[in-house]
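Undergrad: First to last, the sequence lines map onto chains B and E.
Adding 265 to a residue's 1-based position in the first sequence gives its number in our numbering.
Adding 265 to a residue's 1-based position in the second sequence gives its number in our numbering.
Accuracy of the hints is not assured; some may be wrong.
One copy or two, either will do: identical chains are not told apart, so a pair holds if it fits within one copy or between any two.
[Unchecked claim] Here are the simulated lysine-lysine pairs, BS3-like style, with alpha carbons at most 25 Å apart: (1) K461 x K330; (2) K617 x K500; (3) K669 x K472; (4) K621 x K344; (5) K530 x K417; (6) K330 x K568; (7) K472 x K331; (8) K344 x K568; (9) K391 x K274; (10) K331 x K556; (11) K669 x K530; (12) K530 x K274.
Rather than coming from a laboratory, the hints here were simulated on the basis of the structure.
There are 2 protein chains.
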Amino acid sequence: MDLLSEKFKRLGIDNAPGQEVLQKDVALDLRGEPLPGPAVNFSHGDVDAHIPTPGSLDLFVEGFKKGGCVAYTEYRGGKGERDDVAAKLAAFTGAPIDPDNEIIITPGTQGALFLALGCLVGRGDKVAIVEPDYFDNRKLVEFFEGELVPVKLDYLSQNTCAGVNLDALEESFKEGVKLFLFSNPNNPTGVIYSRKEIEGIASLAKKYNVTLLVDQLYSRQIFDNHPYTHLRALKDRPDNMLTIMGPSKTESLSGFRLGTAFGSKWIIDRMEKLQAIVTLRAPGYSQYVLKCWFNEPEGFMAKRVAEHQRIRDDLVALVRSHEGCAVRTTEGGSYIFPQLPPMDVSISDFAKIVRKLTGVVITPGTEFGPQFTRNFRVNFSQDHDNAINAIDRVLQIMERYRSK
Amino acid sequence: MDLLSEKFKRLGIDNAPGQEVLQKDVALDLRGEPLPGPAVNFSHGDVDAHIPTPGSLDLFVEGFKKGGCVAYTEYRGGKGERDDVAAKLAAFTGAPIDPDNEIIITPGTQGALFLALGCLVGRGDKVAIVEPDYFDNRKLVEFFEGELVPVKLDYLSQNTCAGVNLDALEESFKEGVKLFLFSNPNNPTGVIYSRKEIEGIASLAKKYNVTLLVDQLYSRQIFDNHPYTHLRALKDRPDNMLTIMGPSKTESLSGFRLGTAFGSKWIIDRMEKLQAIVTLRAPGYSQYVLKCWFNEPEGFMAKRVAEHQRIRDDLVALVRSHEGCAVRTTEGGSYIFPQLPPMDVSISDFAKIVRKLTGVVITPGTEFGPQFTRNFRVNFSQDHDNAINAIDRVLQIMERYRSK
Numbered sequence: 266m267d268l269l270s271e272k273f274k275r276l277g278i279d280n281a282p283g284q285e286v287l288q289k290d291v292a293l294d295l296r297g298e299p300l301p302g303p304a305v306n307f308s309h310g311d312v313d314a315h316i317p318t319p320g321s322l323d324l325f326v327e328g329f330k331k332g333g334c335v336a337y338t339e340y341r342g343g344k345g346e347r348d349d350v351a352a353k354l355a356a357f358t359g360a361p362i363d364p365d366n367e368i369i370i371t372p373g374t375q376g377a378l379f380l381a382l383g384c385l386v387g388r389g390d391k392v393a394i395v396e397p398d399y400f401d402n403r404k405l406v407e408f409f410e411g412e413l414v415p416v417k418l419d420y421l422s423q424n425t426c427a428g429v430n431l432d433a434l435e436e437s438f439k440e441g442v443k444l445f446l447f448s449n450p451n452n453p454t455g456v457i458y459s460r461k462e463i464e465g466i467a468s469l470a471k472k473y474n475v476t477l478l479v480d481q482l483y484s485r486q487i488f489d490n491h492p493y494t495h496l497r498a499l500k501d502r503p504d505n506m507l508t509i510m511g512p513s514k515t516e517s518l519s520g521f522r523l524g525t526a527f528g529s530k531w532i533i534d535r536m537e538k539l540q541a542i543v544t545l546r547a548p549g550y551s552q553y554v555l556k557c558w559f560n561e562p563e564g565f566m567a568k569r570v571a572e573h574q575r576i577r578d579d580l581v582a583l584v585r586s587h588e589g590c591a592v593r594t595t596e597g598g599s600y601i602f603p604q605l606p607p608m609d610v611s612i613s614d615f616a617k618i619v620r621k622l623t624g625v626v627i628t629p630g631t632e633f634g635p636q637f638t639r640n641f642r643v644n645f646s647q648d649h650d651n652a653i654n655a656i657d658r659v660l661q662i663m664e665r666y667r668s669k
Numbered sequence: 266m267d268l269l270s271e272k273f274k275r276l277g278i279d280n281a282p283g284q285e286v287l288q289k290d291v292a293l294d295l296r297g298e299p300l301p302g303p304a305v306n307f308s309h310g311d312v313d314a315h316i317p318t319p320g321s322l323d324l325f326v327e328g329f330k331k332g333g334c335v336a337y338t339e340y341r342g343g344k345g346e347r348d349d350v351a352a353k354l355a356a357f358t359g360a361p362i363d364p365d366n367e368i369i370i371t372p373g374t375q376g377a378l379f380l381a382l383g384c385l386v387g388r389g390d391k392v393a394i395v396e397p398d399y400f401d402n403r404k405l406v407e408f409f410e411g412e413l414v415p416v417k418l419d420y421l422s423q424n425t426c427a428g429v430n431l432d433a434l435e436e437s438f439k440e441g442v443k444l445f446l447f448s449n450p451n452n453p454t455g456v457i458y459s460r461k462e463i464e465g466i467a468s469l470a471k472k473y474n475v476t477l478l479v480d481q482l483y484s485r486q487i488f489d490n491h492p493y494t495h496l497r498a499l500k501d502r503p504d505n506m507l508t509i510m511g512p513s514k515t516e517s518l519s520g521f522r523l524g525t526a527f528g529s530k531w532i533i534d535r536m537e538k539l540q541a542i543v544t545l546r547a548p549g550y551s552q553y554v555l556k557c558w559f560n561e562p563e564g565f566m567a568k569r570v571a572e573h574q575r576i577r578d579d580l581v582a583l584v585r586s587h588e589g590c591a592v593r594t595t596e597g598g599s600y601i602f603p604q605l606p607p608m609d610v611s612i613s614d615f616a617k618i619v620r621k622l623t624g625v626v627i628t629p630g631t632e633f634g635p636q637f638t639r640n641f642r643v644n645f646s647q648d649h650d651n652a653i654n655a656i657d658r659v660l661q662i663m664e665r666y667r668s669k
């Protein structure tokens, strides 16, 4: 088999969120009757239950009516949109952003991640990646033929920090890692890195000249007023770094395909060159919608966070009510990552069985690291009652497969 | 310098259409006074002069209101949208398309090109590319570390075919080319491949097992009822091929970022895997807009083609009125690619001088192949009078630099 065929064979997406409809029928050990109820898809948020920012569609229409000047922007995004969003992101993250040189508007944060990795990972380059972390990070490193160096996140045994092993991180940096990539709040566990952890990461990156890429997609959805440290606001931040944020999650604007990346000029310059051949630009009229980001109606964000906190509380309690189940309380974002007791089936088959017997879609933990054979991820940005009902059924199914 | 730095150094975009605002000031040999007039940007079409398909915005709004089911589609595009667009493209191109397996909806046709090349070009793979042809084709081959094998298009001396050299093409196939990529109508010359040429290409591809990728972006905008042969409709079409089309040009829907690619199942499967890590999907609400594609109001397309034909006629006559200027009459699409007489400045400096003295943006021929040192490309999808006025001024400036 040639190199490309090998590469695409490894790039599986059948278990990727949203792709479950493509799964081939396989022989499953189905136990008991179906448990009917709402067909919740926990692989992504429900933008019907938590609607897009009010006014977002009006802005799109306004952008469309402005015409060509909005349809055809520079590859890095329209000047007006960059000026506006750079100022807002600078205020939020606590450090200035030069709108001409230090920010690019991308087709979703996925677009930002792809461009960033495409600019930073050459063949054979070592990339440190947290386990567990967003599943596509691993695939991106594979696609660009980098070498993945996993860094364990000991999230379950901690409660005052995320649990990153800084000694192991330093070891990996010593061994030649060029890029360290992590999400904060962490996807899929919802833990937030402590100030000490962020400072530790920054200081190691400076010492070993490692580029840092932090995915802060969920950094606006923080619960219980948990402290949050913006890496880029540190006095001693490293020279080479990039932050990624976008309005697809908490703000439910995913259907517009918008993201941003901001940081070192040389990285942004490269990303624009790559964007020029990948998609030319983020959708022009959609870029105009960024005007409502960080500019939501009074009380909108507080209410959204409170609603998600309530769903989280009820789900966490439900998971913990089953013996042998463990879950860390989400500090930020819309995910929980429950660990189940040993079962008679693999987590991947369990997800398929759950879909067959309940109509509920969950994401197997192994998408986030090979060792998470008893975990699954839930995006709880759903209707409250449906979410509770659905996870209750998932756990009832789990009981049928619990190892004796 | 490391491999990645080298690669990104080669990926220049300063002369790329739409990026001219980023050009650094350089010392230019400016002759004579500015020629004021409309600031036409010939690097892309003017969607204010030729407005988006009526009803397109309404469809976007309808899609938005449908909510989550439109925002979150499968990576290859929503099932309903694929069913609809596959049927329409099958009817247009004259051969069936399986909507489940043989089509993917992409963020623009640029997105389609990127995904296709990413799936078909491995390190060191030989790729035959027409010269002149769309400038990003060359950059994509470079990015994926393929080896570019140029195939000359002798477009100026022909008038019953595009002028592809089939003998040279066969030579390149013999030497191990894996992929042949070309646009039809050709960008930037506007010529259409004859039936004999298309059949010749198909037959060579079959003989040497070369994959074909044909960019038919402008195949709905054909002038003078010129015959057009759809490669994929040939009885003897090769097994491995892909066609790319989208509604960004003739239909002026670029601001929605929509494209499609359709062809061999294995290529579409790979493209979806790649799309999953590049942008996840084409913008969800935008996908819904595809319902108006090939479904335009009565007479809309005929009028649009007629309007462009009139602009073409007047521009071609204007170019030919200057001694030593040559241009082939556009058979399809919105481009002319005039050849100028020898001048005292390079074509790249000439484009910069034109921008300084007239406010008009043209694209240097060297973006389309290193040998086009006396050509420039014009996207004439503009207001008629502005376009004539602007090219008149460009040619007046040319006269100031004509070599004695």
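Undergrad: All the hints need checking, so say for each whether the structure fits it.
TA: Right, here's what the structure says about each hint:
Proximity of K461 to K330 under the C-alpha cut-off of 25 Å is found in neither arrangement, the shortest distances being 48 Å within a copy and 45 Å between copies. Proximity of K617 to K500 under the C-alpha cut-off of 25 Å is found in neither arrangement, the shortest distances being 48 Å within a copy and 42 Å between copies. For the identical chains of this complex, K669 and K472 are neighbours neither inside a copy (50 Å) nor across copies (62 Å), given an alpha-carbon limit of 25 Å. In this assembly of identical chains, the alpha carbons of K621 and K344 lie at most 25 Å apart only when taken from different copies (21 Å versus 49 Å within one copy).
For the identical chains of this complex, K530 and K417 are neighbours neither inside a copy (30 Å) nor across copies (39 Å), given an alpha-carbon limit of 25 Å. Only between protomers do K330 and K568 lie at most 25 Å apart by alpha-carbon distance; the minimum there is 22 Å, versus 32 Å within a single protomer. In this assembly of identical chains, K472 and K331 lie within 25 Å of each other by CA distance neither inside one copy nor across copies; the values are 49 Å within and 51 Å between. With identical chains, the CA atoms of K344 and K568 are never at most 25 Å apart, being 32 Å at best within one copy and 34 Å at best between copies.
Taking CA atoms no more than 25 Å apart as the test, K391 paired with K274 passes in both settings, with 22 Å inside one copy and 22 Å between copies. Taking identical chains as interchangeable, the C-alpha atoms of K331 and K556 lie at most 25 Å apart whether they share a chain (14 Å) or sit on different chains (23 Å). For the homomeric pair K669 and K530, neither the shortest alpha-carbon distance inside one copy (57 Å) nor that between copies (45 Å) is at most 25 Å. For a Cα distance limit of 25 Å, the shortest separation of K530 from K274 across copies, 15 Å, qualifies, whereas the shortest one inside one copy, 35 Å, does not.
In the structure shown, a violation is registered for the earlier hints numbered 1, 2, 3, 5, 7, 8 and 11, in ascending order.
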